[in-house]
Amino acid sequence: MELHLTSEQTLLRDSAAKFSAAAGPQVARAWRGREPNFAPERLREAGELGWLGMLVPSAADGLGLGLTELALVLEQAGRGLVCEPIGLAAIAAAALAQGRAPHPMLQRAMRGEALVVPAMQESAHGGDPLAPATRAADNGRTPRLTGTKVSVCAGGAAGFLISAAGPDGPALYYVPRDAPGVHVAAAPTVEGRKLATLTLEAAPADIVPPRRSSRSAVEALTDLALVALSAELLGVMQGAQELTFAYLRIRKQFGKPIGSFQALQHKAVDIYIKTETTRSLLYQIAAANDPYRIDPELAVAVKAKASEDALAVTQACIQLHGAIGFTDEHDIGLYLKRAMLLSSLFGNAAAQRRRYAGIAGLAM
Amino acid sequence: MFRHDSPEEAAFRSAARTWLEANLPMALRGRTNRPPPAELMPWYRTLSGKGWIAPHWPKEYGGMGATLNEQIIMAEELARVGAPQLPAQGLNHIGPILIEFGTAAQKAKHLPPIIAGEVIWAQGYSEPGAGSDLASLATRATLAGDRFTVQGQKIWTTWGHHSHWMFALVRTDPRAEPRHAGISFLLLDLHSPGVTIRPIRTIAGDDEFSEVFFDNVAVPAENLVGKLNDGWRIANALLGHERLGTSNPQFALIALERIKTMARATGVLADPGFRDRLAAASIGVTALLALFNHAVELTNLQRSLGPDASIIKIYGTELLQSLNDLLLEAAGSDAAMANPVATNFGEVDVSTPFLQVRRATIYGGSSEIQRNIVARRVLNLPQ
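Each protein sequence line maps, in turn, to chains Y and H. For the first sequence, position 356 (counting from the first letter as 1) is numbered 355 according to numbering that gives the first Met the number 0, and the numbering increases by one without interruption. For the second sequence, position 46 (counting from the first letter as 1) is numbered 45 according to numbering that gives the first Met the number 0, and the numbering increases by one without interruption.
Mixed in with the good hints, there may be bad ones.
Calculated cross-link-like contacts (lysine to aspartate or glutamate; reagent style EDC-like; alpha-carbon spacing at most 20 Å) [what the hints assert, rightly or not]: (1) Y/K266 <-> H/E367; (2) H/K259 <-> Y/E296; (3) Y/K193 <-> Y/D327; (4) H/K259 <-> H/E367; (5) Y/K266 <-> H/E99; (6) H/K226 <-> H/E99; (7) H/K226 <-> H/D214.
Everything labelled a hint here was simulated from the structure, so no lab data went into it.
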């Protein structure tokens with residue numbers, strides 16, 4: 000169903016669609032396995048368009064926009080399989096901006112000159128993101144972090160936003176990639192980018208204070224990441240669906256377009272329903288929540304649904320393509336692989352449901 | 000969760016809540032089957048006396064002229080207090096159709112008794128040979144002079160045996176192509192000679208519907224709504240609204256609470272496997288709330304949902320069924336008990352709601368027909 004947008008939001012979406020149309024499966028394919036797997040000048044372009052600072056308050060030179068705008072841009076990024084990590088960069092910039100005085104990295108991060116990405120996850124199953132095992136020792140002036148982060152999109156990153164248990168509870172820290180005690184071990188994914196394990200041994204860090212309205216900087220960034228990833232997953236579903244429905248109209252068997260067969264039509268409708276229900280959920284959450292204080296029950300809910308549905312949708316799209324969908328040459332597989340990656344980050348659907356049960360009171 | 004009441008809406012909600020709490024008889028609360036007319040209609044007339052029976056009707060016809068948001072608030076508050084479902088064919092179907100398409104005389108005759116709760120209406124669409132393929136309906140109405148003669152049969156008529164009047168689709172041109180071009184919309188007095196009504200017991204144990212036979216029933220020509228052979232358009236004109244109404248997320252919220260109560264009572268909530276499925280269903284309910292709110296927003300902006308209304312029906316009713324699957328699972332070996340199950344947290348009816356929701360994916364166009372509609376009219380897939 001169409002979204003109810005302001006004219007500014009419509010313009011933003013159109014501009015994101017244009018950026019995304021310049022990417023697409025061909026470009027994503029060309030970047031597979033390269034490090035970093037995106038064009039730094041395109042990230043700077045996103046910065047010039049204001050997208051990386053879109054959540055950053057205008058007092059800190061950002062656009063001061065909301066979750067709806069973030070979702071509109073990231074949906075288009077997912078739809079076009081954009082490789083530049085716009086979502087991670089934009090939420091990291093929002094985090095860097097939240098203290099009374101913005102972190103010194105903010106300006107470069109917002110302009111796309113330096114990539115900062117969150118490194119919050121500590122186990123493959125997500126764990127409790129609000130109770131990190133990484134420790135921040137505060138001997139003297141500089142906190143030093145010790146611990147391990149997994150599934151970090153470290154490609155091209157100049158620094159990381161790391162959750163750690165500090166003297167006053169969980170807190171967010173900035174650590175430059177080239178700081179002493181930082182070790183990055185990256186391994187390839189099927190999607191094309193690498194995921195890294197980050198080992199920190201007394202790595203010097205800056206604390207990133209929370210915004211006054213947030214519960215904590217760790218929780219604010221976690222919830223923001225869940226919404227951002229969900230928006231990109233929605234775009235992946237949308238892109239895969241468009242490709243597949245077009246194929247159903249042109250591919251002929253038994254002398255008819257295969258899209259005329261009821262068994263396939265009903266599968267197509269199920270794909271559409273998953274996409275549209277995720278869309279409604281995402282944009283209703285976006286309209287009703289402040290980027291720095293998202294209702295965690297809703298953030299977890301949308302990541303659970305988007306992760307599950309994006310995998311189901313892209314799998315069904317492969318099935319509807321038949322044998323050609325199983326080839327590396329065909330683009331539909333790229334959407335499945337993007338869904339595999341994004342749905343796994345910050346906790347997959349099952350991990351989100353475990354957290355949801357706790358947050359929503361589904362316990363004895 | 001997604002929508003916030005304006006100060007005026009909050010005041011309306013508070014007034015509705017207070018009044019409903021004070022006036023809805025305890026015996027009618029939380030019923031899983033619709034109570035029979037002798038129990039239900041006094042409550043209907045109480046609501047009518049308060050002026051709240053038809054929030055969505057214009058004031059000039061005895062409605063509240065409420066905004067869509069106020070209508071939703073009313074539905075939410077009725078659900079919250081556990082109010083039983085009212086007979087909807089008059090209030091939600093023929094009433095709005097007559098307001099849109101009826102003559103002045105038809106409106107004057109039929110609308111006030113609906114508001115007053117004096118006349119109960121039945122919908123005469125389905126036939127033994129015309130279910131999903133409704134356009135193949137065969138009940139004949141032959142016009143001669145100033146009267147139609149109706150011959151045929153309707154079935155799955157909700158509350159038919161309690162009803163006084165029926166609005167029906169009848170075939171007035173047997174040679175028309177396509178077939179739906181030969182169908183008219185007719186109002187039938189069920190007390191007319193030649194009408195026979197037999198209740199049909201459902202798998203949920205109530206006799207919610209019936210079959211209605213017409214043996215040369217005389218119907219005055221003035222009971223035609225709209226033009227001759229224009230019945231299909233009239234019947235379909237307000238369907239989008241109906242789908243928004245029948246997909247109200249309140250039913251899903253009630254089902255979710257019922258599962259939680261049962262799962263706490265039986266201890267199955269401690270099982271991680273069950274909890275995972277319950278979390279998935281609960282997230283589904285949140286998504287339905289979002290989908291519904293999205294649809295309400297668009298409707299408030301005067302943008303027709305069009306065939307997209309079908310996805311709300313599909314998603315809402317299939318979710319309701321998966322919720323009741325979980326209720327059955329939570330109840331364990333009490334799943335098949337005919338009567339409500341006693342628990343530490345009160346009685347929970349398990350089998351009735353589970354059986355009742357079988358109908359949800361069938362009535363008003365089955366899930367499969369809805370998928371056909373979406374495939375052709377939204378996704379533009381080839382025929």
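* Asked: Is Y/K266 within 20 Å of H/E367, Cα to Cα?
  -> holds (11 Å)
Given the hinted pair H/K259 and H/E367, is their Cα-Cα distance within 20 Å? Status violated; Cα separation ~30 Å.
Between the alpha carbons of H/K259 and Y/E296, is the straight-line distance 20 Å or under? holds (17 Å)
Worksheet item: Regarding the pair H/K226 and H/D214, is the alpha-carbon distance no greater than 20 Å?
Response: With Cα atoms ~24 Å apart, H/K226 and H/D214 exceed 20 Å; violated.
Original post:
Y/K266 and H/E99: Cα distance at most 20 Å?
Top reply: violated (37 Å)
### Query
Regarding the pair Y/K193 and Y/D327, is the alpha-carbon distance no greater than 20 Å?
Roughly 19 Å between the alpha carbons, so the hint for Y/K193 and Y/D327 holds.
Given pair status - H/E99, H/K226, alpha carbons within 20 Å | Holds, at about 13 Å.
Figure legend: structure checked against the earlier numbered hints; hints not met, in rising order: 4, 5 and 7.
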